[in-house]
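Undergrad: Sequence:
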Amino acid sequence: MITFYFKINLKLTLMVRKIVLSLIAVLVCGLYVSAQNRQVSGTVTDAAGAPVAGATVMVEGQHIGTTTGTNGTFSLAAPANGKLVVSFIGYDTETVAIAGHTHVSVTLKENAQAIDNVVITAFGEIKKKDFTGSIASVSAGEISKTTVASASRMLEGAVTGVQSYSSTGQPGDDASIIIRGIGSINGTQTALIVVDGVPYSSALSTINPLDIESIVVSKDAAANALYGSRAANGVVFVTTKKGTRNQKANIMFEAKWGWNQQGIKEHETMQNPGDYYEYVYGGLYNYLEANNPGASHAALANAANSNLMPVLGNYMAYKIPDGTTLIDPATGKLNSDAKLLYADNYDDYLFTKQFRQEYTLSISGGNDNMDYYVSGSFLEDPSYVIMSGFKRYSGRAAFNAQATKWLKVGTNLSYSRRDIDSPGYSGANTGNVFLWTMWQNPTVPYYARDLDGNIRYNADGTKMYEQGNGTTLSPYGPTQDQFNSFNNFAHPVQSMSRDINNSVRDNLYANFYGEVVFLKDFKFTANFTLDNVYRMDTFYYNNEYGTAATSTNNGLVEKYNNNYFSYNTQQMLNWNKTIKENHNFDVLIGHEFGKTDQRVVDAYKKNIFYPGIPELGNAVSQYSNGSTSSTVVTAIEGYFARVNYNYAGKYFFSGSYRYDGSSRFKYDKWGHFWSVGAAWRIKGESFMDNATWVDELKLRVNYGVAGNQLSASYPYTNLWTIGETNGQIGITQASTGNRNLSWERNYQIDLGIDFRLWNRFYGTVDYYNRRTHDLIWKRPTPSSTGLASRLENVGILANRGFEIDLGVDILKHKDLYWNFAVNASFARNRLIDYPSELGNPALGGDYISGNFLRGKGKSYYNLYLFKFAGVDPETGQETFWKDVVDGEGKVTGREKTFNINEATQYEIGDALPDVTGGFRTSFRWKNFDFMLAAAYQIGGRQWDGNSANVYDPGRAGFAASQDLVGNTWTPEHTNAKFPKLMFNGTWNFVGSNCDYLYRDASYFSLKTINVGYTLPKRWTSKICIESLRVFFAADNLYFTSAHTGFDPRTAYTGQNAFGFPQAKTFTFGITMNL
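Mapping of the sequence shown onto the working numbering: residues 2 to 1075, in sequence order.
Just to be clear, a hint being listed does not mean it is correct.
[As the list claims (entries may be wrong)] Computed list of lysine-lysine pairs in DSSO-like fashion (alpha-carbon distance at most 27 Å, straight line): (1) Lys242 to Lys128; (2) Lys409 to Lys354; (3) Lys1023 to Lys927; (4) Lys857 to Lys128; (5) Lys560 to Lys524; (6) Lys266 to Lys392; (7) Lys868 to Lys891; (8) Lys409 to Lys128; (9) Lys596 to Lys521; (10) Lys242 to Lys257; (11) Lys392 to Lys257; (12) Lys651 to Lys578; (13) Lys406 to Lys249; (14) Lys927 to Lys110; (15) Lys684 to Lys128; (16) Lys128 to Lys392; (17) Lys521 to Lys651; (18) Lys581 to Lys524; (19) Lys560 to Lys392; (20) Lys524 to Lys596; (21) Lys883 to Lys857; (22) Lys242 to Lys110; (23) Lys110 to Lys815; (24) Lys242 to Lys392; (25) Lys243 to Lys257; (26) Lys578 to Lys84; (27) Lys242 to Lys524; (28) Lys249 to Lys84; (29) Lys409 to Lys249.
What the hints contain is simulated information worked out from the structure, not anything from laboratory work.
Generate the whole structure from the sequences, applying the supplied hints.
TA: As structure tokens, this is what we get:
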């Protein structure tokens, strides 16, 4: 069925593409017809002979122009005696006479003043060389080489000091962006997203990555302080594409086709039924032996064989000769005459390759007075897991017009619809197929089987799913699901194929602005932005199979509607002036106001009348959860100012201030946030004139404070829960508000150096130290209050580290270019102060919280666990380390104990990684190009929750690790890796409070490979195509960590058990410019 769909869809796609391209070719070719002009082609290169892509080529004095393709070539109609004006950011503009030629070669020289990229920062833009803060960027070229649905997933390994974590591989989900460590405990921990200068409340997956011009990450207070209360955790500036003045219409079309498949393999469990029968038999034998001292081996073996089938629900995957047992009593191994009837691997059925497709069409250009950019795109991104996928329909339009000499106006409009199917693929939900594949043992078939192991069929001819209620036949009696792994005797596919878990999210974004220039050096800008996200979720649980198929519910329908509306206004006055040539001032003052209004309705009903209709009107009874609604309104207002000054392009000073107010606080609503910075461009000094090998050298320092607040909307007031008991309405206090609660304040200093040497080596080195004061902490309250804690501003948390970003242009020639860049971030987290009530004198003032020992000078994620001491060779029991203490309370040594409750907890290290980073290389030879990007992490410890569930011998009937085969203790194997198997026993050493399964969180990920070829201009020009590139890309191609199935990227400080692993994606595509 999938193959048929793929072929039909591909044929339709090709047919539509041919029609569209033919029409476009006819139209575009018509534009070139001119009796006065002739066709002129050419190549634009830099001083090293490398092609310059994206350069603007204009006919002097006319509105005719184009841009160079990826190989630096161009073609346009121009007068034989005319001139071409060629320009590109970072290079001097060149004017070249055509002089009757039909081919023109242009070489651009780097401009010493413009060579640094212009980057977008808070409320404006600035050249990187003039900036006193720490920033890093991802360009449109880098963005275009990936196939991820959300730009948030591009930052892993790409930007120094930035970590991108995704708890799920669900297509379309955003990743969490952490910049320079965790700076808050109960406040916001992730970065602020700013799109085109305005804080963005929607997900980045609403934006087509091909609509993004650049992503700039601001890591310190230099720019972040201007966003005051929201910027303590860094800012990610996303700039979308716009048109270019005096450029003819440029049409870009990109199509991608490929597939998604499982990227991270799960923990390897026993797939051979024989291994599993032997494993359970061994546990039963040892259990019987422990409870029947003196019993003979023959009696124990017979009892173990007799109990084997009942314990496993009578599932029999072998046929054995009459009069024999499945397990040979003499050896404890599978009967040598046993014939395998079935051995189903659930992964083969539940995880499949899924066809993926994406299309983007954009047109941009402009004339003397305006520019425009319009795009539309469609993405179908199904998961490799059944019943899961993501679709996005999006459009964007940006217009900017110079209405008069003093007035400029513009708008940026976008709309997206995200259609997400995502059944419960997380945690211990029996509808979670990852739980199922890690839970179900190999003796239980995927499809029901008869006595000969053949698949059984329903009356309608379809294959019969195994349901755990006798559907599989067995010579030992009816088969029975012993542990409800089938969720009310329903195969997961039976329930999920009938259930609906769908979310449709419409996002409408509109920005309008006006700029007025007056008195020559002054500019006033007003912005108004609307952002509306309307989310409609439908949850339908059928009344035939699964969770809701009970006599109590008879099916369930839930409708969840969330209407989130926000608006933002900004008014800014800017003064930009150069005095006496060397004194350069850029001064900004402004005001910002933002308001959000969120309205939620969540309704449930049960007892479905007609199957398959997911509407509340199709259910007749109220559900126990009832229906709820809420309205939440918040507001924020700020007044800000910024001063940038530089003398002769050598000495730079910046200062910023913001006075912010938030509705989330009662009394202390307003906070002061500021930054100061300075930089010295050493390369600009006269004593560096002879150091021609130094192209750039700059020192910088900045210090400032940004704010942070809770995500909760009303933390200052008491919250109550309303309920009903025996017909009487009552209320219970849920939390205690604090009217004196205020901002967290994040103080940060950054010291950095930027350099470029021999026009080949370049890099940035930064040291930072950030401290969060007035942490919003849950402070313990007296038991008489009936509540455990209340929020207060108390405590200090620190993060400090080094960041290194290095690159080299290995080869720089006209037809051959090779670049390599690597980055690393070394970070440390320390708790400086916390509520005194938490301290335990017996621990020296430290305190235990879960599996962490926290104290002054320690990491907030300092692991405090029992330590596994190995398997006792005499008994086969697990042992743990225990301190030996003398009469004075001093530790004199340590010994082993069998009882974990008598063991001693030890500090085993930090859950946070020591080093994070990535590397990237790009290579070009003539028309071929290649790009590779990777990410890595070194250090840290995380609990492998997936493995814990398959290292539990007491859970007979559940899946078991392949690692257990031949590695458990027996009287003949006393130096075993694992303890003695014991039915109904427990292995405490695999729990989250013991160190054994806390694995090294280091990993390496080959994120992206992209290989492309740009067709020669002489081929494509015949059909009026400016450039045409074909490519192949692979994302998440390779991943390795301490153990199979262990992915530290799913969480910052812990492992998400039974989580949704990321997909591996392969893509073929074309990009054409007309």
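Undergrad: State for each hint whether it applies.
TA: Each hint, compared with the structure:
1. For the hint pairing Lys242 with Lys128, the CA-to-CA distance comes to about 18 Å; that is within 27 Å, so the pair holds.
2. With a C-alpha separation of about 50 Å, the suggested pairing of Lys409 with Lys354 is violated against the 27 Å cut-off.
3. As the CA atoms of Lys1023 and Lys927 are separated by approximately 21 Å, the hinted pair is consistent with the 27 Å bound.
4. Distance restraint check for Lys857 and Lys128: the Cα-Cα separation of roughly 41 Å exceeds the 27 Å cut-off, and the hinted pair is therefore not satisfied.
5. For a cut-off of 27 Å, the pair hint linking Lys560 to Lys524 is broken: about 49 Å separates their Cα positions.
6. With a C-alpha separation of about 25 Å, the suggested pairing of Lys266 with Lys392 holds against the 27 Å cut-off.
7. Of the supplied pair hints, the one linking Lys868 and Lys891 holds, its CA atoms being roughly 20 Å apart against a limit of 27 Å.
8. The straight-line distance between the Cα atoms of Lys409 and Lys128 is roughly 22 Å, inside the 27 Å bound, and the hint therefore holds.
9. The straight-line distance between the Cα atoms of Lys596 and Lys521 is roughly 34 Å, outside the 27 Å bound, and the hint therefore fails.
10. In summary, the hint linking Lys242 to Lys257 is supported, as the alpha carbons are separated by about 20 Å, within the 27 Å threshold.
11. In summary, the hint linking Lys392 to Lys257 is supported, as the alpha carbons are separated by about 14 Å, within the 27 Å threshold.
12. In summary, the hint linking Lys651 to Lys578 is supported, as the alpha carbons are separated by about 17 Å, within the 27 Å threshold.
13. A C-alpha spacing of about 22 Å is found between Lys406 and Lys249, which places the hinted pair at or below 27 Å, so the restraint holds.
14. For the given pair, Lys927 sits about 21 Å from Lys110 by alpha-carbon distance, which is consistent with the 27 Å threshold.
15. With a C-alpha separation of about 16 Å, the suggested pair Lys684 and Lys128 falls inside the 27 Å cut-off, and the hint holds.
16. Pair hint Lys128 plus Lys392 does not hold up; C-alpha atoms about 38 Å apart against a cutoff of 27 Å.
17. About 25 Å separates the Cα atoms of Lys521 and Lys651, which keeps this hinted pair within 27 Å; it holds.
18. Distance hint between Lys581 and Lys524 is fulfilled; the C-alpha atoms sit about 21 Å from each other, no more than 27 Å.
19. Taken as a hint, the Lys560 and Lys392 pair is honoured in the structure, with Cα atoms around 20 Å apart against an allowance of 27 Å.
20. Taking the CA atoms of Lys524 and Lys596, the gap is about 26 Å. The hint holds against a cut of 27 Å.
21. Of the pairs offered as hints, the one joining Lys883 and Lys857 holds, with about 25 Å between alpha carbons and a cut-off of 27 Å not exceeded.
22. Proximity of Lys242 to Lys110 is assessed by CA-CA distance (about 26 Å); at most 27 Å being required, the pair is judged to hold.
23. Proximity of Lys110 to Lys815 is assessed by CA-CA distance (about 14 Å); at most 27 Å being required, the pair is judged to hold.
24. Taking the CA atoms of Lys242 and Lys392, the gap is near 22 Å; set against the 27 Å cutoff, the hint holds.
25. At roughly 23 Å between alpha-carbon atoms, Lys243 and Lys257 fall within 27 Å of each other, so this suggested pair holds.
26. Among the hinted pairs, Lys578 with Lys84 is inconsistent with the structure: their alpha-carbon atoms are about 34 Å apart, more than 27 Å.
27. Annotation: proposed proximity of Lys242 to Lys524 holds, straight-line Cα distance about 23 Å (limit 27 Å).
28. Between Lys249 and Lys84 the alpha-carbon distance is near 17 Å, which keeps this suggested pair within the 27 Å criterion.
29. Taking the CA atoms of Lys409 and Lys249, the gap is about 21 Å. The hint holds against a cut of 27 Å.
Checked against the numbered hints above, the structure violates hints 2, 4, 5, 9, 16 and 26; every other hint is satisfied.
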